[in-house]
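Chains as they are written, first to last, in the working numbering: chain A, 1 to 286; chain B, 287 to 687.
Take these hints with a grain of salt, some might be off.
Said to hold, decoys possible - Lysine-lysine pairs mimicking DSS-like chemistry, simulated, CA-CA at most 30 Å apart:
1) B:K532 to B:K553
2) A:K279 to B:K413
3) B:K575 to B:K533
4) B:K545 to B:K533
5) A:K284 to B:K647
6) B:K569 to B:K545
7) B:K533 to A:K239
8) B:K545 to A:K76
9) A:K281 to B:K532
10) B:K569 to B:K532
11) A:K232 to A:K205
12) A:K284 to B:K532
13) A:K279 to B:K677
14) B:K647 to B:K680
15) B:K408 to A:K279
16) B:K439 to A:K239
17) A:K74 to B:K533
18) A:K232 to B:K464
19) B:K675 to A:K239
20) B:K680 to B:K619
21) B:K680 to A:K279
22) B:K338 to B:K515
23) A:K205 to B:K553
24) B:K439 to B:K545
25) B:K619 to B:K553
26) A:K281 to B:K569
27) A:K222 to A:K252
28) A:K179 to B:K581
29) B:K338 to B:K413
30) B:K677 to A:K281
31) B:K677 to A:K252
32) B:K647 to A:K279
33) B:K581 to A:K279
34) A:K252 to B:K464
35) B:K464 to B:K575
36) B:K619 to A:K281
37) A:K284 to B:K442
In case anyone wonders, no lab produced these hints; they're calculated from the structure. Values in this document were obtained by computation on a predicted structure and should not be read as measured data.
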Amino acid sequence: MYLPFYTTASSLLSTNSGETSLTVGLNIVICIKQVPETTEVEFDKETGRLKREGVAAVINPFDEYAIETGLRLKEKHGGAVKAISMGPPMAEQALRDAIAMGCDEGILVSDRVFGGADTWATSLTLAKAIQLTGPHDIIICGLKTTDGDTGQTGPEMAEHLGESCISYVSQILGVEDGKVTLKRNLDDGVETLEAPLPLIITVSKDVGQPRLATLRGRLAAKKATIKVITNKEMGMNPKELGLDGSYTRVTKIFTPEPHAGGEVIEGTPDQLADAIYRKLKEAKIV
Amino acid sequence: MSKPVNVGDACTGCGVCVSACPFGAITITGNKALIGDACRVCGICEPVCPVKAITIKKAEGPQSFADWRGILVYAEQRDSRVHPVAYELLGKGRELATTLGEPVYAVVIGSGLANAAEELVKRGADKVLVYDHPSLVTYRDDPYSQILTEATKELKPSIFLIGATSIGRTLGPRVAAKLKTGLTADCTSLDIDPETRLLLQTRPAYGGNIMATIYTQNSRPQMATVRYKVMTEAAADPAHRGEIIKKPVDPARLQDRVKVLAFEAAKEQVSIVDADIVVSGGKGLGEPKGFELMKQLAEALGGAVGASRPTVDEGWIDYRHQVGLSGRTVRPKLYLACGISGAVQHQAGMKTSDVIIAINKDREAPICRISTLAAVGDLYEVVPRLIEKIKEQKTSGTPQS
Numbered sequence: 001m002y003l004p005f006y007t008t009a010s011s012l013l014s015t016n017s018g019e020t021s022l023t024v025g026l027n028i029v030i031c032i033k034q035v036p037e038t039t040e041v042e043f044d045k046e047t048g049r050l051k052r053e054g055v056a057a058v059i060n061p062f063d064e065y066a067i068e069t070g071l072r073l074k075e076k077h078g079g080a081v082k083a084i085s086m087g088p089p090m091a092e093q094a095l096r097d098a099i100a101m102g103c104d105e106g107i108l109v110s111d112r113v114f115g116g117a118d119t120w121a122t123s124l125t126l127a128k129a130i131q132l133t134g135p136h137d138i139i140i141c142g143l144k145t146t147d148g149d150t151g152q153t154g155p156e157m158a159e160h161l162g163e164s165c166i167s168y169v170s171q172i173l174g175v176e177d178g179k180v181t182l183k184r185n186l187d188d189g190v191e192t193l194e195a196p197l198p199l200i201i202t203v204s205k206d207v208g209q210p211r212l213a214t215l216r217g218r219l220a221a222k223k224a225t226i227k228v229i230t231n232k233e234m235g236m237n238p239k240e241l242g243l244d245g246s247y248t249r250v251t252k253i254f255t256p257e258p259h260a261g262g263e264v265i266e267g268t269p270d271q272l273a274d275a276i277y278r279k280l281k282e283a284k285i286v
Numbered sequence: 287m288s289k290p291v292n293v294g295d296a297c298t299g300c301g302v303c304v305s306a307c308p309f310g311a312i313t314i315t316g317n318k319a320l321i322g323d324a325c326r327v328c329g330i331c332e333p334v335c336p337v338k339a340i341t342i343k344k345a346e347g348p349q350s351f352a353d354w355r356g357i358l359v360y361a362e363q364r365d366s367r368v369h370p371v372a373y374e375l376l377g378k379g380r381e382l383a384t385t386l387g388e389p390v391y392a393v394v395i396g397s398g399l400a401n402a403a404e405e406l407v408k409r410g411a412d413k414v415l416v417y418d419h420p421s422l423v424t425y426r427d428d429p430y431s432q433i434l435t436e437a438t439k440e441l442k443p444s445i446f447l448i449g450a451t452s453i454g455r456t457l458g459p460r461v462a463a464k465l466k467t468g469l470t471a472d473c474t475s476l477d478i479d480p481e482t483r484l485l486l487q488t489r490p491a492y493g494g495n496i497m498a499t500i501y502t503q504n505s506r507p508q509m510a511t512v513r514y515k516v517m518t519e520a521a522a523d524p525a526h527r528g529e530i531i532k533k534p535v536d537p538a539r540l541q542d543r544v545k546v547l548a549f550e551a552a553k554e555q556v557s558i559v560d561a562d563i564v565v566s567g568g569k570g571l572g573e574p575k576g577f578e579l580m581k582q583l584a585e586a587l588g589g590a591v592g593a594s595r596p597t598v599d600e601g602w603i604d605y606r607h608q609v610g611l612s613g614r615t616v617r618p619k620l621y622l623a624c625g626i627s628g629a630v631q632h633q634a635g636m637k638t639s640d641v642i643i644a645i646n647k648d649r650e651a652p653i654c655r656i657s658t659l660a661a662v663g664d665l666y667e668v669v670p671r672l673i674e675k676i677k678e679q680k681t682s683g684t685p686q687s
């Protein structure tokens with residue numbers, strides 16, 4: 001439950017309260033997704049949709065780094081870590097696993113009308129759900145999911161919330177005066193950035209190895225009540241949600257064709273080196 | 287969110303819709319119906335309006351996007367130089383443009399862009415919008431996404447392509463969300479459906495185990511980020527003519543919340559992405575020291591060292607060397623895979639290489655099936671002999687191109 005005037009680091013900043021003796025914690029939200037444990041999945045040829053039933057499900061491995069980042073922030077600055085996930089009822093388990101790692105709370109955003117959402121509809125739904133669950137200082141997402149592989153939900157959510165977003169964060173250097181300094185990986189190097197709260201980040205594996213669930217965490221996870229948000233609470237137009245609210249449509253799913261191969265040769269190391277060398281000459285590489 | 291229910295100028299303020307609305311969402315304000323927040327877009331008001339002033343944007347069904355024409359390419363730049371992925375997108379963009387009979391546009395944002403803009407024209411852009419201002423010298427999500435959104439609204443392209451670089455993959459979603467349109471991530475193939483003329487965007491999912499073809503029907507532009515080193519670069523044609531339009535930039539008008547405090551360029555000299563020759567090592571090396579041998583072979587060939595994911599996970603070599611779906615995609619003239627089994631995720635990052643040579647103990651390894659030449663043997667026996675042969679030829683003085 002949330003107090004209506006809950007103090008957050010960012011609200012303190014915006015009210016310009018100056019010096020304060022209050023110990024202000026960070027309201028940290030982690031977006032997680034439950035994904036199939038293996039990426040070798042089947043798909044429904046009729047609907048073009050993936051069959052998610054019957055496959056063991058886990059927290060998206062990239063999201064575990066997001067959880068780790070959130071837990072470290074809480075350890076340093078105080079506050080609370082809330083895990084939120086959009087998915088079918090079975091995704092509740094992913095939230096319990098997040099609590100077992102140390103998250104304080106799990107929220108499941110689940111409704112039939114959310115089904116089949118692309119990244120636009122997903123980010124919109126998650127943004128609305130996060131707004132509904134109270135204030136936040138920082139939202140942390142994994143780099144991408146192992147099933148969809150897009151990495152788009154975080155930045156799109158930032159746009160829906162009107163907040164700034166930093167992708168590929170590798171290290172959080174500090175949180176002070178309502179601002180975060182951090183490092184992020186780009187293709188050609190590492191940037192050091194400063195951003196105001198509230199903020200959305202996606203984190204890379206460089207943030208640090210995710211911790212394992214503790215026994216105490218497991219017990220907490222078992223006892224925890226997972227709050228469920230449906231569209232009844234959100235009151236959104238179903239046309240904006242799920243498959244109907246998605247701008248993109250999957251028209252075909254197929255298995256990639258294997259690359260055409262050439263010859264496979266055996267022989268002595270000398271013969272093999274010779275054959276490779278001839279091929280290099282043929283291709284005008286040497 | 288904008289309401290999909292629109293009240294046109296024909297509205298007389300008669301109030302028939304007010305009593306018809308089951309949610310009490312409509313009021314008459316200033317002789318015109320006003321749709322309030324309580325609206326649930328049920329559609330009851332649309333047919334009851336006697337003057338047909340109410341229209342509801344349908345989420346389903348084909349719409350006319352006839353005024354959205356052209357293929358727009360975002361030309362990412364670093365230090366005023368256009369990232370080569372933009373030339374690849376111009377190559378693909380021209381192909382799509384020819385099929386559709388539409389023009390090719392480019393947008394470039396940064397500082398000191400005169401040369402960049404000219405180069406984009408040579409590479410096939412019919413029109414280039416240039417946002418050149420000292421305040422834009424470093425990339426930031428906020429101002430770049432705002433400018434790019436405005437440029438897109440001005441150009442109204444049917445298709446909008448962005449390179450799936452680290453910057454493109456964070457900029458793309460920001461712009462797509464602002465434009466309220468679909469975005470397909472990390473595409474490896476783009477085609478036009480001959481019947482619908484829609485852009486068919488194909489991309490790997492589930493770690494490359496599955497390919498999905500995706501389209502955007504009910505919004506424009508059709509946006510995609512496109513993987514680097516997959517499409518063929520447009521050649522520079524000095525004779526190609528295009529219009530360069532310098533757009534005004536007013537920093538005061540641009541949102542800019544994130545400050546860049548420092549940038550540290552990556553250390554290594556040869557980037558595997560740009561190398562013509564990549565020598566990669568896998569778990570078959572047996573130990574981290576094996577990469578020393580890979581380095582020697584790469585040096586002999588004048589190439590860069592790549593690595594499979596397991597070796598990076600084990601900490602044998604830095605992540606920047608990783609080839610594959612979760613690493614870099616490479617498209618060298620020669621890809622030499624030593625002790626790499628060639629899981630589908632690895633193949634996704636190298637299979638478009640011109641020549642693939644594998645050295646592997648296991649002839650059943652997947653890499654052997656996709657290689658131009660697969661040598662079944664011990665890499666520690668074969669590679670030193672190969673290095674010798676290459677060096678022999680070099681010292682024999684045969685000039686090589």
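So, going through the hints one by one against the coordinates:
| no. | hint | verdict |
| --- | --- | --- |
| 1 | B:K532 to B:K553 | violated, 35 Å |
| 2 | A:K279 to B:K413 | violated, 44 Å |
| 3 | B:K575 to B:K533 | violated, 54 Å |
| 4 | B:K545 to B:K533 | holds, 24 Å |
| 5 | A:K284 to B:K647 | holds, 26 Å |
| 6 | B:K569 to B:K545 | violated, 41 Å |
| 7 | B:K533 to A:K239 | violated, 38 Å |
| 8 | B:K545 to A:K76 | holds, 23 Å |
| 9 | A:K281 to B:K532 | violated, 49 Å |
| 10 | B:K569 to B:K532 | violated, 52 Å |
| 11 | A:K232 to A:K205 | violated, 36 Å |
| 12 | A:K284 to B:K532 | violated, 44 Å |
| 13 | A:K279 to B:K677 | holds, 16 Å |
| 14 | B:K647 to B:K680 | holds, 29 Å |
| 15 | B:K408 to A:K279 | violated, 36 Å |
| 16 | B:K439 to A:K239 | holds, 24 Å |
| 17 | A:K74 to B:K533 | violated, 45 Å |
| 18 | A:K232 to B:K464 | holds, 26 Å |
| 19 | B:K675 to A:K239 | violated, 67 Å |
| 20 | B:K680 to B:K619 | holds, 20 Å |
| 21 | B:K680 to A:K279 | holds, 17 Å |
| 22 | B:K338 to B:K515 | violated, 52 Å |
| 23 | A:K205 to B:K553 | holds, 20 Å |
| 24 | B:K439 to B:K545 | holds, 27 Å |
| 25 | B:K619 to B:K553 | holds, 24 Å |
| 26 | A:K281 to B:K569 | holds, 28 Å |
| 27 | A:K222 to A:K252 | violated, 40 Å |
| 28 | A:K179 to B:K581 | violated, 43 Å |
| 29 | B:K338 to B:K413 | violated, 40 Å |
| 30 | B:K677 to A:K281 | holds, 13 Å |
| 31 | B:K677 to A:K252 | violated, 50 Å |
| 32 | B:K647 to A:K279 | holds, 19 Å |
| 33 | B:K581 to A:K279 | holds, 20 Å |
| 34 | A:K252 to B:K464 | holds, 27 Å |
| 35 | B:K464 to B:K575 | violated, 49 Å |
| 36 | B:K619 to A:K281 | holds, 13 Å |
| 37 | A:K284 to B:K442 | violated, 46 Å |
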